[in-house]
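Residue-level listing of the chains:
Number of protein chains: 2
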Amino acid sequence: MEVLVVGSIGLDTIKTPYGTMKEGLGGSATYGSVAASFFAPVKVVGVVGDDFPAAHLKTLTKRKIDTSGIQIIKNGKTFRWEGHYDDKDMNSAITVKTDLNVFADFKPELPEDFKKTPFVFLGNIHPALQLCVLKQMKKPKLVILDSMNLWINTTRDELFKVLKMTDIILLNEGETKMLCDTNNLIEGARKLLKMGPKYAVIKKGEHGAMLISKNGIFLLPALPIDKVADPTGAGDSFAGGFIGYIASRGRISESILREAVALGSVIASFNVQDFSLNGMTKTSKKQVIARLKELRKLSQFDLPKF
Amino acid sequence: MEVLVVGSIGLDTIKTPYGTMKEGLGGSATYGSVAASFFAPVKVVGVVGDDFPAAHLKTLTKRKIDTSGIQIIKNGKTFRWEGHYDDKDMNSAITVKTDLNVFADFKPELPEDFKKTPFVFLGNIHPALQLCVLKQMKKPKLVILDSMNLWINTTRDELFKVLKMTDIILLNEGETKMLCDTNNLIEGARKLLKMGPKYAVIKKGEHGAMLISKNGIFLLPALPIDKVADPTGAGDSFAGGFIGYIASRGRISESILREAVALGSVIASFNVQDFSLNGMTKTSKKQVIARLKELRKLSQFDLPKF
Chain Z
4 MEVLVVGSIG LDTIKTPYGT MKEGLGGSAT YGSVAASFFA PVKVVGVVGD DFPAAHLKTL
64 TKRKIDTSGI QIIKNGKTFR WEGHYDDKDM NSAITVKTDL NVFADFKPEL PEDFKKTPFV
124 FLGNIHPALQ LCVLKQMKKP KLVILDSMNL WINTTRDELF KVLKMTDIIL LNEGETKMLC
184 DTNNLIEGAR KLLKMGPKYA VIKKGEHGAM LISKNGIFLL PALPIDKVAD PTGAGDSFAG
244 GFIGYIASRG RISESILREA VALGSVIASF NVQDFSLNGM TKTSKKQVIA RLKELRKLSQ
304 FDLPKF
Chain X
4 MEVLVVGSIG LDTIKTPYGT MKEGLGGSAT YGSVAASFFA PVKVVGVVGD DFPAAHLKTL
64 TKRKIDTSGI QIIKNGKTFR WEGHYDDKDM NSAITVKTDL NVFADFKPEL PEDFKKTPFV
124 FLGNIHPALQ LCVLKQMKKP KLVILDSMNL WINTTRDELF KVLKMTDIIL LNEGETKMLC
184 DTNNLIEGAR KLLKMGPKYA VIKKGEHGAM LISKNGIFLL PALPIDKVAD PTGAGDSFAG
244 GFIGYIASRG RISESILREA VALGSVIASF NVQDFSLNGM TKTSKKQVIA RLKELRKLSQ
304 FDLPKF
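Just so you know, the protein sequences line up as chains Z and X, in that order.
For the first sequence, this note's numbering begins at 4 and goes up steadily by one.
For the second sequence, this note's numbering begins at 4 and goes up steadily by one.
Same shape as in the complex, but just chain Z (with noise of 0.2 Å):
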């Protein structure tokens, strides 16, 4: 089945210990669709200037996904964002710039032929935004929400709003803590679920990540990446595996789930280890499915006999 990736899409300019890049393609759109792909097909909705390179846009139609939804802005300017991470933190990046341009008056609106997509990724933009996707929506079988501190910040009741719509949410750990005003995890967690969603994800960098639900809880390592050359869209391309994987099974189950979850931790590590999206177009669904191998390999344990 389908996916619907809504986010931004921009230009990044980034240095990291690993390197330099200077407005390579980014966005959570873009990591999110590209992430999808690789088990569902994927149509694509978000804003750019007509400043954008055709190329990046060729990188999403070579892998079938319909950008149909983007809107080019007539002389305007593609959302652009600078930034750095530190050798001794990779897991936050630290913004130097950020140019919204285009992406400041964007205003979600779907084609026709999108409403009915049944799997949708509401990527991280503003909750006003994401809840105008969803009220274009008809009936969508599965929405997940991923968000970030500056909402959690500024915009708390209309992200309420949209979690109240939400099956299943996607944060990292500070954000879960932050927006559920607890130190404790699982507490924080186990709050996410009164907020709408029926399922929480908690992205916990080389943690792993944790899936959580009235069912119980599940706990995935993350797989030891030797080097880390750019952990951005590492969230985005977790959360497109994740629901592209969910969407190429058509429904939902606790095990399904988990391997959902296995499976965006596989593309978001593919992706972490080149800059903008080369870590994963460079990247086969054989490989995929080889280092979901290892992945289970790495944290499996026999039951001993007493």
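Treat the hints as calculated values from the structure; they're not laboratory data.
Using 30 Å as the maximum straight-line C-alpha spacing, the simulated DSSO-like pairs for lysine-lysine come out as follows:
#1 X:Lys-18 - X:Lys-61
#2 Z:Lys-300 - X:Lys-308
#3 Z:Lys-67 - Z:Lys-296
#4 Z:Lys-300 - X:Lys-300
#5 Z:Lys-230 - X:Lys-167
#6 X:Lys-296 - Z:Lys-197
#7 X:Lys-300 - Z:Lys-289
#8 X:Lys-141 - X:Lys-167
#9 X:Lys-296 - Z:Lys-308
#10 X:Lys-289 - X:Lys-67
Dock chain X against the given chain Z, drawing on the hints supplied.
Frame of chain Z, contents of chain X only:
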């Protein structure tokens, strides 16, 4: 097979967000030997003053721990530690006071029948003392070693000497990064393997544990504990459960080591749910096995077909 545990035995005064304990039984040898006694017969080596309460000694002998290696110093005062934990970071203790007392002049002397014990846990004490123990041992089958920031900083050369005689080193994340002078845990763990040990176990607190060797990596998530009453002794009870289980199998293999990491983690999870050794002493082996099953279920996922 039998386990020898060497380390500190002390009286702990501890304050946590969940309560206060005054002069409760503590120390690395105490936690380690009680934990190991879930699975194997234990001999313990340490020192106390003649102010050491008989009831505390009974806590050990009730678990059939051989306490004949505990020196009781006449007119001596037992080692005392006072500390507290902050709600914001239950992973690290804030020390208020340390009174070494009889521990300051401790020279481990093994009873003759202790010297052939096949499995040895060198608890977190001065590396010179750990070395002194090893020199008295007659061809142990397996030596595991714990250490801490203090020794890494102040007695590095002596620590390197013990490491050369160690089979498995157990450190936490921060200690590994400090000893190996790196921010990358995998890189650090690989460096540990060049210092002597064939295996390294890195304890990551609420993020679980990692076992690394030339055979590969095993990652185990931690059981989510709603209420951590007192984290003291978590590392020692992990180590005790770990070596106790290996001793019960009598040999080392990749799968036995993985099971041992899981059981160490389970024992530690019981330990932190109460003050002093109460978390362990009130727990049955049946409960340990039940929680091991839970832990296994927590981290399992199927390999999907594509």
